[in-house]
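**Student:** Below are the chains, spelled out letter by letter.
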Amino acid sequence: MLSEKYKDEIADILSRYPVKRSALLPLLYLAQREAGYISEEAMQEIAGLLRLTPPQVYETATFYTMLNLKPVGKFHLQVCKSLMCALVGSDPLIGWLEKKLGIKAGETSKDGLFTLSKVECLGACGTGPMMQINDDYYERLTEEKVDRILADLKRDGTSALKTGPFMWPEPNGAKQ
Amino acid sequence: MPKHEPVLLKNMLQPGYTGSLKDYEQAGGYQALKKVLGKVAPADVTTMVIKSGLRGRGGAGFPTGVKWNFLPKDYQGPKYLCCNADESEPGTFKDRQLMERDPHQVLEGIALACYAIGAETAYIYIRGEFVLGSKILDKAVAEARAAGYLGKNVLGSGASIQIHVHRGAGAYICGEETALLESLEGKRGLPRVKPPFPATSGLYGKPTVINNVETLANLPHIVNRGPEWFASIGSPPKSAGTRIFCVSGHVKRPGNYEVPMGITLRELIFEQAGGMRSDKPLKAIIPGGASAAFLTPDHLDVKLDFESVAQAGSMLGSGGVTVMEEGTDMVWAALRLMEFFHHESCGKCSPCREGSSWLVQTLRRILAKRGRMEDLETLVQLCNNIAGRTVCAFGDAEVAPILSTLKYWRPEYEALIRKAEAHRAHELPMAGIRH
Numbered sequence: 001m002l003s004e005k006y007k008d009e010i011a012d013i014l015s016r017y018p019v020k021r022s023a024l025l026p027l028l029y030l031a032q033r034e035a036g037y038i039s040e041e042a043m044q045e046i047a048g049l050l051r052l053t054p055p056q057v058y059e060t061a062t063f064y065t066m067l068n069l070k071p072v073g074k075f076h077l078q079v080c081k082s083l084m085c086a087l088v089g090s091d092p093l094i095g096w097l098e099k100k101l102g103i104k105a106g107e108t109s110k111d112g113l114f115t116l117s118k119v120e121c122l123g124a125c126g127t128g129p130m131m132q133i134n135d136d137y138y139e140r141l142t143e144e145k146v147d148r149i150l151a152d153l154k155r156d157g158t159s160a161l162k163t164g165p166f167m168w169p170e171p172n173g174a175k176q
Numbered sequence: 001m002p003k004h005e006p007v008l009l010k011n012m013l014q015p016g017y018t019g020s021l022k023d024y025e026q027a028g029g030y031q032a033l034k035k036v037l038g039k040v041a042p043a044d045v046t047t048m049v050i051k052s053g054l055r056g057r058g059g060a061g062f063p064t065g066v067k068w069n070f071l072p073k074d075y076q077g078p079k080y081l082c083c084n085a086d087e088s089e090p091g092t093f094k095d096r097q098l099m100e101r102d103p104h105q106v107l108e109g110i111a112l113a114c115y116a117i118g119a120e121t122a123y124i125y126i127r128g129e130f131v132l133g134s135k136i137l138d139k140a141v142a143e144a145r146a147a148g149y150l151g152k153n154v155l156g157s158g159a160s161i162q163i164h165v166h167r168g169a170g171a172y173i174c175g176e177e178t179a180l181l182e183s184l185e186g187k188r189g190l191p192r193v194k195p196p197f198p199a200t201s202g203l204y205g206k207p208t209v210i211n212n213v214e215t216l217a218n219l220p221h222i223v224n225r226g227p228e229w230f231a232s233i234g235s236p237p238k239s240a241g242t243r244i245f246c247v248s249g250h251v252k253r254p255g256n257y258e259v260p261m262g263i264t265l266r267e268l269i270f271e272q273a274g275g276m277r278s279d280k281p282l283k284a285i286i287p288g289g290a291s292a293a294f295l296t297p298d299h300l301d302v303k304l305d306f307e308s309v310a311q312a313g314s315m316l317g318s319g320g321v322t323v324m325e326e327g328t329d330m331v332w333a334a335l336r337l338m339e340f341f342h343h344e345s346c347g348k349c350s351p352c353r354e355g356s357s358w359l360v361q362t363l364r365r366i367l368a369k370r371g372r373m374e375d376l377e378t379l380v381q382l383c384n385n386i387a388g389r390t391v392c393a394f395g396d397a398e399v400a401p402i403l404s405t406l407k408y409w410r411p412e413y414e415a416l417i418r419k420a421e422a423h424r425a426h427e428l429p430m431a432g433i434r435h
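Going line by line, the protein sequences match chains A and B. Note that our numbering gives residue 51 to position 51 of the first sequence, counting from 1, and the numbers run on in steps of one. Note that our numbering gives residue 364 to position 364 of the second sequence, counting from 1, and the numbers run on in steps of one.
A few of these clues could be false.
Derived pair list, reagent style DSS-like, types lysine-lysine, alpha-carbon separation capped at 25 Å [what the hints assert, rightly or not]:
id, chain 1, residue 1, chain 2, residue 2
1, B, Lys303, B, Lys280
2, A, Lys7, B, Lys139
3, A, Lys162, B, Lys139
4, A, Lys20, A, Lys104
Chain A residues, not near chain B, derived (Cβ > 12 Å throughout) [claimed, not checked]:
id, residue
5, Asp91
6, Gly102
7, Asp111
Calculated from the structure, these hints are not laboratory results. All residues carry an ideal CB built from backbone N, CA and C; glycine is no exception.
Construct the entire structure; sequences and hints are all you get.
**Tutor:** Structure follows, in structure tokens:
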């Protein structure tokens, strides 16, 4: 039960809004953080917390692409395929990832580690091709960089190649 | 290139600047809030912003102070400010930089706007993917609250200003202001029918102002240096100030460049962004995000201000400038953008929901060399039945890539169709069934 495990966090979220339903997206995120996806049970519990009907929760949850209503791999690779990234090579990059992971876009690897998705614009158009893995952005990708990221994730669960606070170009032409 | 100094990016261009409260204060941060709170009447702050000529940086370019003035004057209940940080327009990536590298500049802008319109609560609606940005903002809000710049009785003025960061969850349409409000209320992000406008009935039905991140980040500078200073930059009176242009595509140095409005596309692409990435010449430019019509090399001397780009048949939009080199297939480019719009159509209005699907299918058919000449007429008809017939501006936006590529590169469409016709001529009459 979310309400027991995250009592304080839920109270904090609810305190930000004069109308309870506004807390719906934050609570759905909480459920997703807990289980990796949002289960029907979680939606029912959230409905109870916010005095909504389960269909009201469901109708909102199904509108947003970032809310997973089905389990995904431990690392969810979302590669931008919109025009700006496609101009600088996102299609071959997706092909490379499919080859390296042995899965097609939309699939999860057998070991449950990786889910590969093609997504629309993630707002990093000047530093494409790029992808988001769970919460982190990885930009200016090359095949070699992708290989290092995948190896890092398998070994350490994270990679130092992710983007920090974003600025491009960097001041004084550093790392151009 | 005109002489200019960066305004919004000035702090973060300093080596070692981290965007912490301490760094921001040392760079003169929160002076505007101190100057105004409890000392200048809120209405005078609005007048100052109107005088500066500041227009919205999110896409529509509506005059900011005028928008504030639409709020009912003698309203006693709660009012809200929403900072639109749902930066989702393909080609645009400036707000992310403003929030992640100098979050307090945005917060000070929000606090000033709250004071001017009499709102005690502001929500920053940030796109869900910007997890790092939302964490940085959360931390900055906590810092500012601890220092007395936010919270109850800010700087002893009696004014109360609370800021909450609210993450979206992956829906382009939530950058449309009324869809943003619906989403913030915990619903599907479907744009509302206007009127009523958010100024009278916005978040929870209360008077609400929605301003873009970059718009708000300009406010501390307008207060500190005066509206006359701001109005002297760029192409006043209608396009005052600097603009952060996000350059993407086939240039040497893509990225964010803050320049006075009114520099030409040529200056932005060839001086700021270093020109084309290879010896292939320029073929096409999108000057204001995916919703803006494509332009050609003939438009390189168009000035980047609201009016000039509109006169050239496109729009300045969100400041996302995408550059394409010779060899880029324009039908493919239009299809890529159309796939985006089809994916992101919220489904509320039939012309957009159904039309976007038809447009994608027709473009795919043409690109796969299975089109017919009458498909071009179908495309135009579809576009004309979407634009202007939907609740929000999404409908107008989604047809821009098709209509403009058809206008400038129609021979590319026709060439693909002629290949299809040549192919069909060799087919047996029944062979088409297999397709």
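**Student:** All hints, please: hold or fail.
**Tutor:** Now the hints, each set against the structure:
A threshold of 25 Å between alpha carbons decides the hint, and for B:Lys303 with B:Lys280 the separation of about 24 Å falls inside it, so the pair holds. Proximity of A:Lys7 to B:Lys139 is assessed by CA-CA distance (about 21 Å); at most 25 Å being required, the pair is judged to hold. Between A:Lys162 and B:Lys139, the direct Cα distance comes to roughly 20 Å. Compliance with the 25 Å bound is thereby established for this hinted pair. Pair hint A:Lys20 plus A:Lys104 does not hold up; C-alpha atoms about 40 Å apart against a cutoff of 25 Å.
A beta-carbon of chain B comes within 12 Å of the beta-carbon of A:Asp91; the shortest separation is about 10 Å. Distance to chain B confirms A:Gly102 as a non-interface residue, since its nearest Cβ pair spans about 26 Å, more than 12 Å. No Cβ of chain B approaches the Cβ of A:Asp111 within 12 Å, the least distance being about 25 Å, so the stated non-interface status holds.
Hint violations for this structure: numbers 4, 5, all remaining hints satisfied.
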